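K.L.:
Just so you know, we're using our numbering here: the sequence shown kicks off at 449 and counts up by one.
Keep in mind the hints are simulated off the structure, nothing from the lab. Just so it is clear, the structure is predicted and the values come from calculations on it, not from any experiment. Each residue gets a CB set at the ideal place from its N, CA and C atoms; glycine is no exception. Fair warning: there could be bad hints in the mix.
[As the list claims (entries may be wrong)] Between beta-carbon pairs, the in silico distance windows are:
#1 Glu473 / Ala516: 40 to 46 angstroms
#2 Val482 / Leu459: 55 to 61 angstroms
#3 Arg507 / Ala486: 28 to 34 angstroms
#4 Val452 / Val480: 45 to 51 angstroms
#5 Leu508 / Met449: 19 to 25 angstroms
#6 Gln509 / Leu475: 30 to 36 angstroms
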Amino acid sequence: MSSVDKIIEGLGYDEALAELRSILEALDGEAVDVDKLASQVERADLLIHHCRSRIDAARLQVEQVVEALVEED
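Modelling step: build the complete structure from the supplied sequences, incorporating the hints.
P.N.:
Here it is as structure tokens:
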């Protein structure tokens, strides 16, 4: 795992989403820095995957809790 991956992995969902929104705002702006464009898009991709994985993990956890509650009844 690269140092960038470790940094992103340490981000909470809200932090990752805020950074992703910041990147998107910069890309939507009129003064896009072409020299940074590829790295920003790559970082956005990593953040999107991280957010999706956090959502999937939360969904699984909720499903397990609900399943346990149903089994108790």
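K.L.:
Hints first: check each against the structure and report whether it holds.
P.N.:
The hints, checked one at a time:
no., hint, result
1, Glu473 / Ala516: 40 to 46 angstroms, "holds (41 angstroms)"
2, Val482 / Leu459: 55 to 61 angstroms, "violated (26 angstroms)"
3, Arg507 / Ala486: 28 to 34 angstroms, "holds (32 angstroms)"
4, Val452 / Val480: 45 to 51 angstroms, "violated (21 angstroms)"
5, Leu508 / Met449: 19 to 25 angstroms, "holds (22 angstroms)"
6, Gln509 / Leu475: 30 to 36 angstroms, "holds (33 angstroms)"
Checked against the numbered hints given earlier, the structure breaks hints 2, 4 and satisfies all the rest.
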